[in-house]
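Engineer: Following the hints, put chain P in place on chain L, whose structure we already have.
Protein chains in written order, with UniProt numbering: chain L, 1 to 318; chain P, 1 to 426.
If you're looking for bench data, these hints aren't it; they were derived computationally from the structure.
Worth double-checking, as some hints may not be accurate.
Pairs of lysine-lysine, BS3-like flavour, derived with a Cα cap of 27 Å [stated by the list, open to error]: (1) LYS316/P - LYS6/L; (2) LYS52/P - LYS411/P; (3) LYS77/P - LYS280/P; (4) LYS361/P - LYS280/P; (5) LYS361/P - LYS77/P; (6) LYS280/P - LYS197/P; (7) LYS316/P - LYS121/L; (8) LYS197/P - LYS226/L; (9) LYS162/P - LYS249/P; (10) LYS226/L - LYS180/L; (11) LYS77/P - LYS121/L; (12) LYS399/P - LYS121/L; (13) LYS6/L - LYS151/L; (14) LYS397/P - LYS280/P; (15) LYS27/P - LYS411/P; (16) LYS214/L - LYS6/L; (17) LYS197/P - LYS162/P; (18) LYS197/P - LYS180/L.
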Amino acid sequence: MTFTQKHLLGIEPLHPSEITAVMDLADQYVALNRREVKRSDALAGLTQINMFFENSTRTQASFELAGMRLGADVMNMAMQASSIKKGETLIDTALTLNAMHPDLLVVRHPHSGAVDLLAQKVNCAVLNAGDGRHEHPTQALLDALTIRRAKGRLHRLNIAICGDIAHSRVARSNLILLGKMENRVRLVGPPTLMPAQIDQFGVEVYHDMEEGLKDVDVVMMLRLQKERMDGGFIPSEREYYHRYGLDAEKLAVAKPDAIVMHPGPMNRGVEIDGTIADDINRSVIQEQVEMGVAVRMAAMDLLARNLRDARAGKEVMA
Amino acid sequence: MTTLLFTDVHLIDPEAGAVTHGALLVKDGVIAGHGAELSVPEDAQVIDGHGKYLAPGIVDIGVKVCEPGERHKESFKSAGQAAAAGGVTTMVTRPDTAPAIDSPETLEFVTRRANEVAPVNVVPMAALTKGRQGREMTEIGFLLDAGAVAFTDCDHVISDNKVLSRALSYARSLNALVMGHPQDPGLSEGAAVTSGKFASLRGLPAVSPMAERMGIDRDIALLEMTGAKYHFDQITTARALPALERAKKNGLDVTAGTSIHHLTLNEFDVADYRTFFKVKPPLRSEDDRIAIVEALRHGLIDTISSFHTPQDEESKRLPYEEAASGAVGLETLLPAALRLYHSGDLTLPQLFRAMALNPAKRFGLPGGRLGNGAPADLVLFDPDAPFILDRFTLHSKSKNTPFDGQRMQGKVLATYVGGVAVFGGN
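Isolated chain L (complex conformation) (with noise of 0.2 Å):
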């Protein structure tokens, strides 16, 4: 089974050969990547919009980087400053911008669901960027690859997913992506930081780190965001960081060989040490920022090759 999807707005939707095909091509992507002439035509001719209405520079910069090296024209709308700001609605933004022909659409919204909402108005690929606390899943796609690439499988692992999970649209969608690959998920936060009724989702709740984190093969913490701190969820960010802040005693109880990630960017010192971060045998971080910009330029690929199918009026294959 091929990569079959129209969009990518969530990991929810996709088979996981889909998630396989996706991987598989970011490889090739990373091999390219890593050459000194970093150039394919998969997009030449293309034209690739990213729609941030929230603010990003390391994804914007991550899509961006993905489109060039693909061959796409790639424009930045930095919509926070612009029309949005003068009342126009998001789905007039997207009929205005679906008339300049865009083929692929990259866009961050505040909003739960307004990626979706977008994207049943134009008729480009749409990619979701992150959408409020819903999805985000090219980040679960890169974290995937990472874990893939470090452990040489993607079932069967343990895998711990640390902080605050009910803001999170990285959590959610990396929980669902690697629930679909039989992975064993645990979540571990304050219950402050925890979606409701999220142990029906077939992971385990701790809230201990110590026992969370018992055995794992992967620890993945999450950003503490600083609006969080004012809004009462945790009583402060230095008892934050004594009870669930990522410290060498902690991973201790890890598996030996645990990797340790984060989707950045990281606050030091809040949910993760320093020194963990930047230990070379242990934290895949900067490996996570390499595999971003390779799952991007598999994920636009795939859904340009749809694109151009359902253009040609070819039926994409189900």
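Structural biologist: Structure of chain P alone, referenced to chain L:
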């Protein structure tokens, strides 16, 4: 006035709790007799029911007509036509307009507009506090004199207990009915869906169903304190039911309603962020829905309403969190309620007790009955006729129904208000 005789009809009598086959006589706008052995006056216009069902017209509590303020969403004319088409013969309207209906002057405006253009009965409710701000009570006495049948701040919960207790005491002294929205305002702030698996999957801000239970507990304490006459607008969760049952057992003057949407839909219907399913309070779990149906059957919940809330396309075509809440319901109330009849959950008399008799009794209105002397507010319908709902066929100016494209069963054939056909009937 003419005399009407309905023959070959199944009469749904919610007072008797029975469905009987026979005839019904209407004289001078009131019901003048039924049964098989009616003596037929010479001048009677005979309406052959062909075995269909005749019931008291629906009394829909909590209809929002967007006058004054947002007539582009719904006017008394369009809402009245929708009501007539839906078998609703009395609309009890909400005061959450812009501006709020909180003075005798605005109330008189509403009454005048309604009388001019609406083909069905319209009785208004007024705000309990000025501007629905929860700070100062409205002129409850003057508003009663002007025709307000109940007082409510709608979905604005009065969080200041002192303000609410004074308003309840004052209302009690005038024997005025107060309608409240049981909800803890802190917990429910900003929520778009009910917390649980679905909310977590969709990453939407959610409210615990416990917020409703906290709201009902607080209100009941204030009712014990003040003795006011009180109607909970919408009870939608299982956890709120024991508190309601206790309050009724303890002899408080309290009744409760629920909405047709909470009776027939659940949180999963929101699916991929479908904003037409965004209502307030949000749709609940299937367990809650079943518990509410059960409570209706046992009479713990007294009334079913549509909570008709028109919203234009613009306010719904937004990301889910930003989209407006509410659904239109005047025309879909009966066919949606009939789902509960076809599923075997409720009988037709039970449905019409909750949609006609109980609301009329509670709000002091003459309709809701088939007894002699009751106004001839009637709906003739075929409970089995199937159709697929197309929202653009609705009479409401706003088309925000969650039932668009769904299979429904039950069609209104004719609606009569005071013995006059306001829909169908030819």
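Engineer: Take the hints in turn and mark each one as holding or not.
Structural biologist: Structure-based check of each hint:
Proximity of LYS316/P to LYS6/L is assessed by CA-CA distance (about 25 Å); at most 27 Å being required, the pair is judged to hold. Distance hint between LYS52/P and LYS411/P is fulfilled; the C-alpha atoms sit about 11 Å from each other, no more than 27 Å. The hinted pair formed by LYS77/P and LYS280/P meets the criterion: a straight-line CA distance of about 25 Å does not exceed 27 Å. Under the criterion of a C-alpha separation no larger than 27 Å, the hint pairing LYS361/P with LYS280/P is consistent with the structure, at around 26 Å.
Taking the CA atoms of LYS361/P and LYS77/P, the gap is about 26 Å. The hint holds against a cut of 27 Å. In summary, the hint linking LYS280/P to LYS197/P is supported, as the alpha carbons are separated by about 19 Å, within the 27 Å threshold. Simply put, LYS316/P and LYS121/L have alpha-carbon atoms about 15 Å apart, close enough for the 27 Å limit, and the pair holds. A hinted pair counts as satisfied when its Cα atoms are at most 27 Å apart, and LYS197/P with LYS226/L qualifies at roughly 26 Å.
A C-alpha spacing of about 26 Å is found between LYS162/P and LYS249/P, which places the hinted pair at or below 27 Å, so the restraint holds. Of the supplied pair hints, the one linking LYS226/L and LYS180/L is violated, its CA atoms being roughly 31 Å apart against a limit of 27 Å. At most 27 Å may separate the alpha-carbon atoms for a hinted pair to count; LYS77/P and LYS121/L exceed this at roughly 34 Å. Restraint check: the Cα-Cα separation between LYS399/P and LYS121/L comes to about 20 Å, which is no more than 27 Å; the hinted pair holds.
Taking the CA atoms of LYS6/L and LYS151/L, the gap is near 31 Å; set against the 27 Å cutoff, the hint is violated. A distance of roughly 20 Å separates the Cα atoms of LYS397/P and LYS280/P; the hinted pair therefore holds under the 27 Å criterion. Taking the CA atoms of LYS27/P and LYS411/P, the gap is about 26 Å. The hint holds against a cut of 27 Å. Between LYS214/L and LYS6/L, the direct Cα distance comes to roughly 40 Å. Violation of the 27 Å bound is thereby established for this hinted pair.
Between LYS197/P and LYS162/P the alpha-carbon distance is near 37 Å, which puts this suggested pair outside the 27 Å criterion. For the suggested pair LYS197/P and LYS180/L, the alpha carbons sit about 17 Å apart, so the restraint of at most 27 Å is met.
Consistency with the previously given hints fails for numbers 10, 11, 13, 16 and 17, ordered from lowest to highest.
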